[in-house]
Amino acid sequence: MQRYDRIFSLIWIALGVFQCAESFSLGLGSVMEPGTGFMPFVMGLVLIALAIALFLESHFATRGTSPTKSSPWSDVHWKRVVYITLIMLGYAVLLPKLGYLLDTFLVMIFLMKSGEPIKWPTALVVGAVTAVFSYVLFGIWLNVSFPEGILSFRG
Amino acid sequence: MELLANLYQGFQICFSPINLLYCFVGVLLGTLIGVLPGIGPGAAIALLLPTTFRVSPVSAIIMLAGIYYGAMYGGSTTSILVNIPGEAASVVTCIDGYQMARQGRAGPALGISAFGSFIAGTLSVVGLMVLAVPLSNVALQFGFPEYFAIMCLGLSIVSYLGRGSIFKSLLMAALGVSLSFVGMDVVVGKPRFDFGLLVLGDGVGLIPLLMGLFGIAEVFSNIEEKIQAREIFQTKIKGLLPTVRDWKDSWAAITRGALLGFFLGILPGGGAVVSSFVSYAVEKKVSKHPEKFGTGAIEGVAGPESANNAATGGAFIPLFVLGIPSNVAMALLLGALMIHGLQPGPLLLQQHPEIFWGTVASMYIGNVMLLVLNLPLIGLWVKLLKVPYKILFPMILLFCLIGAYSENNNPADMLVMLFFGALGYLLRKYGYDLAPLVLAFVLGRQMEQAFRQSLILSDGSFWVFFSRPISAVAMGLAIFLLVSALIPAFKRKREKIEVDEI
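From first to last, the protein sequence lines stand for chains A and B. Just so it is clear: in the first sequence, position 125 is 125 by the numbering used here, and no numbers are missing. Start counting at 1 in the second sequence, then tack on 155, and there's your number in the numbering used here.
Keep in mind that the hints were calculated from the coordinates and are not lab data. None of the values given here were measured: they were computed from a predicted structure. Backbone N, C-alpha and C define an ideal beta-carbon position, used for all residues, glycine too. Worth double-checking, as some hints may not be accurate.
[Unchecked claim] With a Cα cut of at most 35 Å, we get these calculated DSBU-like pairs of lysine-lysine:
no.: 1; chain 1: B; residue 1: LYS541; chain 2: A; residue 2: LYS113
no.: 2; chain 1: B; residue 1: LYS584; chain 2: A; residue 2: LYS119
no.: 3; chain 1: A; residue 1: LYS79; chain 2: B; residue 2: LYS545
no.: 4; chain 1: A; residue 1: LYS97; chain 2: A; residue 2: LYS113
no.: 5; chain 1: B; residue 1: LYS447; chain 2: A; residue 2: LYS119
[Stated by the list, open to error] Covered stretches of chain A (in silico footprint by chain B; criterion: 3 or more residues with CB under 8 Å from a CB of chain B, positions within the stretch not fixed):
no.: 6; stretch: 82-95
no.: 7; stretch: 104-112
no.: 8; stretch: 124-137
For reference, chain A alone in the conformation it holds in the complex (with noise of 0.2 Å):
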């Protein structure tokens, strides 16, 4: 994990110098009366910081007291994540051209199928009621305006 501790704490320092200079560029008032980049320069110093303090507790971290982990990545279905967050994006760009009843009646067919073995009647039922059911709860009872794409009745 020191690794990866020091990795990230490089990434928050860039972070950091990000957020300092972009809020010097919005003007930072002065200590009397602070301008709209007062405040996020000084928590890009404090991220700065705070990061420098990681890298080097990593960095002298009593060694050998617990073995590192080769991996947090290893033994975990990390593909799947990528997965189900490609079908995600996916219903959010196809939402409007779609419409909600058959975009989301897709992304729980997708979803479902995306990894334990499930049967297709099951999949099919579960996706089909739970777009219905989730367009009433909210496209009708609590009138959220969703949009209706290639099914929509008014062509």
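With chain A fixed as given, assemble chain B onto it according to the hints.
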């Protein structure tokens, strides 16, 4: 007398059919969420926040509060029957509760936890009711420096209690504050850090952020591991009513749990989880037969379960008195109030007493509903545990997607949520605690305003935070905590009490 008049007004609000319905839906959903492992009360409130956009603020708060204390009730059921805590505050209940179930005493274990929760929950509402108004009168005298110092102290405590390295927790707090800067500058109305993106023009949305960090990231952490079928302890649950002997053994534990929970609940970061652990430790210490703990001692169930419910009442105090949430669930309630255009704090109690008193009254009623719901319906909750996760998780994700979309009917908010989902997943993987991030994000803008106004007041002198008594004490405590986290002896202590409250 004024107290009773206010309470009467609260009950009048609460007894309107619509509010009773929202209270019922809240505690029902809360219990459901408490029963289902893998989704905590924070995530549940985030998921259901969008369903309250179009109802009156008092109904919204009644329902969301119901989810919160309902989850504390429900969490114990799975701890006792399956040895899987439904949420973090029920972890200790597993120790003796599951042992009781194995000895065929699942009924009394469930019964005493429901009764204990009811008694302690009700006592803590009394505490909330009695303390909130006098405290808010004190808080009305606070100026910007006091507020800034108290928020710093709150964030320090939450970071101190966070998982892993103190620097990581503090980094999360700093990141949270920084994220709150995105969008319009509150004081002069100048855009900043929006990278020219329209969706960030009004700042990072609270709902997409929360749903991403808690809803999506939580599902990701669950699905990356192979989903295992849960084994449910196969036994007939009979005799839910505890015997006279059981009551004798546990009444003191319930009382102590209620007091501990209430006062620990007021402190930031602690709340339900810490108080349940502390209560267990206390019960073991004062017991005449500590060796029985771990083998099915009923006090080991009664104490912690009472404490975690009492903590929910205590947790409302900083929210209503100062407008400062003490944990993630309270941060969400704060968000809900703000979405309805209300700013929690001492003024809220004066300008909108109906919100506070309606909520207080609903908590009395909600506690009764929970007692009625939990005892006869336990069989149903057990059945629910059998819903496979492969069907559950797509629904949770869909709820998150709709929730993010529905606040502004904007698909781009779903992308913001996915970004925070991925970020939260990564941060958790590398040992970062997300609670400080969320609290800091919610408080960020208030902090900035208090900071800037304090400096303007003091002509640019930072001494203003240390020269006024209340802010000096708060700042002193914050610095003490952070420094003590670095001293090796304290560091080991801190590692013992660190918790992961979601």
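Results of checking the hints against the structure:
no., hint, in the structure
1, B:LYS541 with A:LYS113, "holds, 19 Å"
2, B:LYS584 with A:LYS119, "holds, 32 Å"
3, A:LYS79 with B:LYS545, "holds, 16 Å"
4, A:LYS97 with A:LYS113, "holds, 23 Å"
5, B:LYS447 with A:LYS119, "violated, 48 Å"
6, 82-95, "holds (count 8)"
7, 104-112, "holds (count 5)"
8, 124-137, "holds (count 4)"
Checked against the numbered hints above, the structure breaks only hint 5 and satisfies the rest.
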